[in-house]
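Residue numbers (numbering that gives the first Met the number 0), protein chains in the order written: chain Z, 0 to 307; chain E, 0 to 380; chain G, 0 to 250; chain S, 0 to 392.
Simulated from the structure, these hints should not be mistaken for laboratory data.
Mixed in with the good hints, there may be bad ones.
Pairs of lysine-lysine, BS3-like flavour, derived with a Cα cap of 30 Å [said to hold, decoys possible]: (1) K96/S to K40/E; (2) K53/S to K197/E; (3) K53/S to K312/E; (4) K331/S to K197/E; (5) K331/S to K312/E.
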Amino acid sequence: MFGDYSIGDLGSIFVMQGFAGLILFSVYVLMALGLAIIFGQMGVINMAHGEFMILGAYVTWLTSNAFQEYLPSLFPGYFFLAMVLAFLASGALGMLVEWGLIRHLYKRPLDTLLATWGLSLILQQAYRSIFGAREVGVELPQWMLGSLKVTDTIEVPINGVFVMCLTVLITVVVAYVLYLSRWGRQVRAVVQNRIMAGAVGINTEKVDRYTFGLGCGIAGVAGSAFTMIGSTGPTSGQLYIVDTFLVVVFGGAASLLGTIASAFSISQTQSTLEFFMSGSMAKVLTLLAVVGILMLRPQGLFALKVRK
Amino acid sequence: MIINSRFFNRSELIGFIALAALLFVILPLSLDVFRLNLVAKYLTYAFVAIGLVLCWGYGGILSLGQGVFFGLGGYCMAMFLKLEASSVENTKIQSTPGIPDFMDWNQITALPFFWQPFHSLTLTILLIILVPGLFALIIGTAMFKRRVGGTYFAIITQAVAAILTILIVGQQGYTGGINGMTDLRTLKGWDIRPDHAKVILYFFEVFLLFGCILLAQFIRLTKLGRILVAMREQEDRVRFSGYSVANFKIFAFCMAAVFAAIGGAMFALNVGFMSPSFVGIVPSIEMVIYTAVGGRMSIFGAVWGAMLVNFAKTSLSESFPQLWLFGLGALFIAVVLAFPNGLSGLWADYVQPRIDRLLASRKSKMSNGADSSVAAGAPAE
Amino acid sequence: MLIGHQPKEFLLAVEALTVSFDGFKAVNNLSFYVEENEIRVIIGPNGAGKTTVLDLICGKTKATSGSIQFRGKELTKLKENEIVQTGVGRKFQTPSVFEDLTVFENLEISFPRGRTVFGSLTFQRDAAVKARVEEVAEMIFLKDRLHTYADQLSHGQKQWLEIGMLLIQDPDLLMLDEPVAGMSVSERAKTAELLNRIIKDRSVLVIEHDMKFVEDIAHKVTVLHQGQILSEGTMEKVKNDPKVIEVYLGH
Amino acid sequence: MALLPRVAFGAGPATSAVNTTGLAVTDTEVTVGILHSATGTMAISETGSIQAEKLAIEQINAMGGVLGRKIKVIQEDGASDWPTFAEKAKKLLVNDKVASIMGCWTSASRKAVLPVMEQYNGMLYYPTFYEGLEQSKNVIYTGQEATQQILAGIDWITKEKNAKSFYFIGSDYIWPRTSNKIARKHIENFLKLKVVGEEYFPLGSTQFNSVINKIKLTKPDVIFTDVVGGSNVAFYKQLKAAGIDLSKQALLTISVTEDEIDGIGGENIAGAYACMKYFQSLKNDNNEKFVAAFKKMWGDKTVIGDVTQAAYLGPWLWKATVEKAGSFDVDKVAAASPGIEFKGAPEGYVRIHENHHLWSKTRVGRAKLDGQFELVFETADLVQPDPFPKGYQ
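Using the sequences and the accompanying hints, generate a full structural model.
Printed below as a string of structure tokens:
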């Protein structure tokens, strides 16, 4: 299939294709980070994760509208505020959900799956009732549109670069929070031994609530970022949920590094395959490969061998 | 039928009779054919729910991929019916007459090899059982021999459901794609669409359902049923009592798959339709919900759960189309938070004691029931 | 079991057994031998690797290297249920019984028949089963509670039930992890009596902290420390070993 | 509708004469069903159709109804689930005895409903442009079938852009695949040009960077798309982000109407061409009245796409047919359908063909920043519907 093209053409296409893979990688990492925290650290299966993302997207949409209406001069910078608001909104909703629902179910992880599925139905219908069934278009400031010309033939999308930078930033922050901060130590202490953590004076309820809130908040930021590349509708969140869970499980649930490695391998596989076959088949083959590997290596890519 | 106090304890016997009366007598007499056909559709999910009681309630294996098996069973049945509906004279406007219409639309000019067995009803019935059974065996062996369980298993089965959906939709020349297989007409020349056929199919399905109920009940009462309970609680203890835990899980999972497949086949027959929208993640989770609402430990509860949730879905969406998702979502949450044992748990906790108290005054007349059922070792509902 | 009948053959031979978790060697190059009808007690401070040794023998944990021979069979290559079928029984530290089943059903599940899927589908509760279950129930002081659900039992009764479940398997090697931990004084005495009765005709490997109890039953004592053998021999010998004294009293 | 005169119903011909098959027709009322998804993923698209049908029915009632009878609506939710559509269609026909059904949107829902319509002899007015390969006594297709929609548009863009090569991108299901098949045959066999790529993505897919790279590599003269739903939004946003300027790169879509642009954002798709039979911006009296009435009823911000307009035609065509047949009986309505015209159609003028599809014009519009289309081409005559096109199968 490449016979007709010059070496230069092919070279730049491969560069751009690699970049496409990196964007997909960033998208996966953003989706999976929040879930990795909630599922990996707390063992809660949050099927409403996609709906938390979409909440972030709607918040971004509202912010964009508000800026256009009242502060058109500041519109170019609205996106940063929108992401903060998205984090706060999704995080707050997450904490509310933890308080009302999740905390009653820590001993029954499979039941969290059912309950959060119910929650996702309610949230979807709520979005539909509030924002309408149609997808909303989030208007982006001019500087985020278009592409950067690296050479004559290589162009990289600006929003892709933005998503990648955002991903790096959030990953670093999450890694810092989880592995270096005092609060992160508390989270890990609670994960490893809830009773002991309580006994040494950690407020486990508070840790749970903030952990869940953090995971949901990151989902909100991810949703905010996705308005640049995807659609925002009441049911858009459902599209992400299986991919997200696979990324987390494939990585080995408890490991941040694993999540990143797994997002990387899945996204590169998929974008490479997409270049050689139709999108549908690429997706099927990627998922099959992931499931196949998980069958051979159920603990995921990165898992500690621990004494149970 | 073996209905005695050894096979059913008293409350189960009441449940069995009540359900039989409802499905065989009350509903057929009180509903028009349209509603009866709807009940038939609801009951196809009851097959899945019974399977889930064995696999999830008893075995502790939560599968979020039952839609896969429901779909495989349904597609097997639908392929047979579709072939019959695609006779040369029915399809003479096609460029290749005698093959299903969707193949013709996709420029396929000959029936693919894997469609050939579905010319025969006998083979079709065998395949309805075997294809999902073997598929479950493969997944189950791969997963359980490696001790994958719990949430991981749930997520992987979910991924399998996603894969199969994309595959069916993508390979539309062979599967009918997203439209599914529609316009199924006759079974061995017998028209399945008119009202009297719907009634016959309904009764056939109910008979089959009771067959599955009895089979599930039989499994539950054997030592295997008790091992499933034991396994759910103390997997290691079962292992160190000399059992291969993986084999028992595989068995439960395969049984659940076969039950789901029977339900799928019944769906294709009763609804005259099969599409990938019953294979994916959403229907698979809904099937789990039916079981949860009915009570994950109760076979009868599962049947009730499948009927009631679907009935609620139909009637709520008729009267409040905008709001039924709220209702459904709230129902899931309520069942998980407040009634983890579902309707059958409510029954056992609130209704049953009252009935018992009522009956206690006449206990002298009924002296043989309760004790022997304990001796028979029926696990707690 | 031809090999088993050869003279001077050990029932259990553990040789150069090592397991490491993330580089930490919980059991390190461990070797010991248990003879037919021997009662061996393993003692040692917390974290010495005692429970891990039992886990390794019964297959719960896979060894990194080394071998475990039971009647000439290599156990490290077998699955847990196969190990049980060769005649090794294991009791866990915390009582692990099936709380949603009755005492009768708990014991019945351990009855060594119908252990395959189809075997258990066709399993019949015949006179032999009932007799054996009742016999064992009597031994473990639960004869009048056969139809009680196990979640109704006291802690001590659950421990007995689990021992009963092992008895019904009739293993050649019985491994007990702290059988009297958490028991009341009277329960403890009854347990000692029970153990003394059941250890006839089989080898027993016990982990126990209660020194009086150990002295009562042990033929031979192995002291583990940091995954290795610190001392081995009769209770008397071990008690006077300066290394043991240092480990136990030095901390 | 306070401004309109109050209408008294019941002056029409006797019920026994106009209803011989037991439909839900009284002296003053006739019942009609509306069957679309109000919930689920398709609710996004089908809302406009529901609104248009309700508008048409209200207008018809204000004008005195059908044969002197007021139209009563029973609305059912198909919930984006095809068997639910079949089930609800059956309910409408069997329990409610509706005289006709305005409904369905996706091909899948129509395929599910079709056997029910044929078995229980109902009348369905189906609004969506679709893949063709179907014709039924019991269905009137008020949208365009594939050849009607596509061929004129491809001819036009080929001439306009002097195009030599095409690249197809679609969602993975029957309508895009069939449409692309017809387009490919037309391009390769009739125009003797080249199709350099054909790609399908699962419904709901949101990652198009790889295919966009392939487009950059193959440099087609025209990108031809039939991506549907939320994928559209992702596709056009990523296309724009990748630096493909639609004012320079010709793109012809058959799946984006004003409804979709609402979600995509005008700035992301401005410059693209869409091939439809109707655009909200059409300049004619019928359309101006229609748009005004629609906005009055459903709010200023609503937009009207091709399918919404086609849905609006349904009740009017049915009314005209019933009045010509002088009966609500489905057989008579079906028989009287060919030749029925509707001069008040917002798209101008339509007429029902023998094959129960509509004669209609094909138009090409260019998307503008404000989300509307600017009409750049329309066929001079009505295009004949040809659901089983020879040479394209």
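Now the hints, each set against the structure:
1. For the hint pairing K96/S with K40/E, the CA-to-CA distance comes to about 22 Å; that is within 30 Å, so the pair holds.
2. Simply put, K53/S and K197/E have alpha-carbon atoms about 34 Å apart, too far for the 30 Å limit, and the pair is violated.
3. At roughly 25 Å between alpha-carbon atoms, K53/S and K312/E fall within 30 Å of each other, so this suggested pair holds.
4. For the hint pairing K331/S with K197/E, the CA-to-CA distance comes to about 29 Å; that is within 30 Å, so the pair holds.
5. The suggested pairing of K331/S with K312/E is violated, with an alpha-carbon distance near 36 Å, which exceeds 30 Å.
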